[in-house]
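Chemist: Quick note: to get this note's numbering, add 39 to the position in the sequence shown (first position is 1).
Treat the hints with caution; some may be incorrect.
Estimated spans, in silico, between C-beta atoms of each pair [unchecked claim]:
#1 683 / 497: 16 to 24 Å
#2 268 / 230: 18 to 26 Å
#3 395 / 497: 20 to 28 Å
#4 473 / 395: 22 to 30 Å
#5 87 / 264: 28 to 36 Å
#6 473 / 513: 52 to 60 Å
If you are wondering where the hints come from, they were derived from the structure by calculation, not from laboratory data. Note that the Cβ used here is the ideal one computed from N, Cα and C, for glycine as well.
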Amino acid sequence: VWLVLLVLAVGMNIVMLPGLVNDALELADMDLSPAERVTFRQHVEELGISVRTLTIIGLVGSMVQEVVITAISAVLLTKRKGVDWFAFYLALTMIAGIGAIYPPALSSLVDGNPFWLVVGKALTVLSVTSLFLIPFLFPTGRFAPRWMVVPAAFLFFGASSFIIAPGSDAGGDLHPALEALTVLVMLALMVGSIVYRYRRLATPIHRQQMKWGAVGAAVALPAFLLGDALMRSIDGTLVGVLAMIGWSIAMPFANLIFPLCLTVAILRYRLWDIDFYLSRTLVWLLMTALVLAGYVGIVFGIGSLFKGDQTTLLSLVALGLTAVLFQPVRGWLQKGINRLLFGDRDDPYQVVRQLATDLSETVQPVEALRATVRTLTEALRLPYAAIVLEPGMLPVAAAGSPGTAEIPIPLTYQSQSVGELIVSPRGGAREFDAADRRLLDDLSRQIGVVAHNVRLTNDLQLSRERIVTAREEERRRLRRDLHDGLGAQLAALTLQTGAMKTIIRSDPDTAVQHATELQQEMRIAIVDIRRLVQGLRPATLDDLGLIGSLQNRVATVNLGEWTSDQQHPLLVALDAPDDVGSLPAAVEVAIYRIIDEALTNVVRHANAGRCTIRIVQSSDGIQVAIEDDGAGIPADRVSGIGLQSMRERALELGGTFEIEPASPAGTRIVAELPVSGETGQ
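With the hints as constraints, model all of the structure from the sequences given.
Modeler: Next up, the structure:
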């Protein structure tokens, strides 16, 4: 189909070429009187050129325009994705436009040939009506909302009737006011369809494509209106000649820029940062309109109030006001359009202030994160923002819907990673521009503080849960040991005591034997009681103190009283102060248990010849280091139960725990525990 249309369009141009050349040379294509044609030629020659040269330049420009449009159409047709019928539709519209011609001039240009009359009208109908339908269909190829098909059909048949029968009554009986109203209504429906699709139906990709279309329309429409105004200004004066030259430049530009932008929108909508160009284009368009409106209003509006010729003076006044107000108005417009497109990106203080306000109104830390992502999406017009505290975990707070790309931004607090801020760029873009990235990096430092507080709150809640769980587990163990062990023993002792009472007089020897057995059972019960008490807090800490208890434990190991699979004796050295003073009970137990567990691991697994225990006391706390020269800990044993128990004992008191290879061989464990009144509690 595309190739057939191309052949017909090229053939149409070949058939019309003699007529176009003749009309251009005779100036018949301009609405000029014979006298104006004479003066027009004279002014052209005054510029050092001729009408023939102008004709050649115009024809070459038209040929270049048609070749470029054909190339754009071919690229669009060959590079379209899958069954993208709208790209096909746009390619046919471009090719048909090559052969389109102003209807009243068609008959004379084809010399009345019936075939080419039909071809010319068909190509013109296809080109013009398809062009008018683009606002209703772009970029998905579907009407939005669906009822827009009604005004689109009205527009289609109205334009077709004028093209097919330009001299008929189909388009000539309308009152000018009604005709203008109809045009305004159709333009309003076009804009309404675009706005409705952009706000309600468009995906981020569609919005990016629509922005490209908006840039093309924003540039092409003023260029077309300028060309139309220049065409209407062509007359026999020098200004008319210059208007004709300007028209020959403005119209090809207007005809090329819009299809070019639509093609980029369909094929390469992510190639450039369209938001930047869109904002600049809108500012340029609005400033042009304001300057023209201000100039016309001052020169003609105010000038009508004065008698006499005051045009020169008013022109100077208009020029002066334009020079004075141009920069402030341009800055105001640029700021407003940037806020519309980018939110408060250009006003970081406003974003930070809004973020601080939202955070001050939250109570729960997680709510603070939700308020943060909500503020980011609203203030920066982002489609999606989320905060992840742990890699691979679901977001703890999110707002909006993910776009085509999700950019992770690290959140740090005091050089430590506390999570990631996940954000999607606007309009389906793959990356943020430099201004957005700079602001997000600055905000991430503030958000990192909030994320750190949330992590602290989560850790505190988890610690509380672990404390409650450990307490309940300890109670369960004590209950089981008391009920199943000591309770059963005491019940048996009670029965034995009762049996002994019944035979103590009749059979003293048997009673003595029962008393001996009872004494043995009581010794066993006492051992069990001591074991239970030892599980709560080592009794040796109360008897010997921390240093004495550790010395006793080290001596036990050095005497070889612990069973192990070691192939050679183990020598343990304790390097500690003679007296560490009065430590909080929790710190004493933690130090003793950590060293006891570490010695157990050395004896059972390290196959070491020497182990050194160092205790260093400072004003801030106590550091415990256990180092051996054994085989080291395999990587799969680093998270064992014993090591996890030591780590938890240090962390639950606000301390630190590290395990690392020793030099040249072995393992080194370092635990640092703070000592304060709060820790003692």
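Chemist: Identify every previously stated hint that the structure contradicts and give their numbers, smallest first.
Modeler: Going through the list in order, the structure violates no hint and respects every one.
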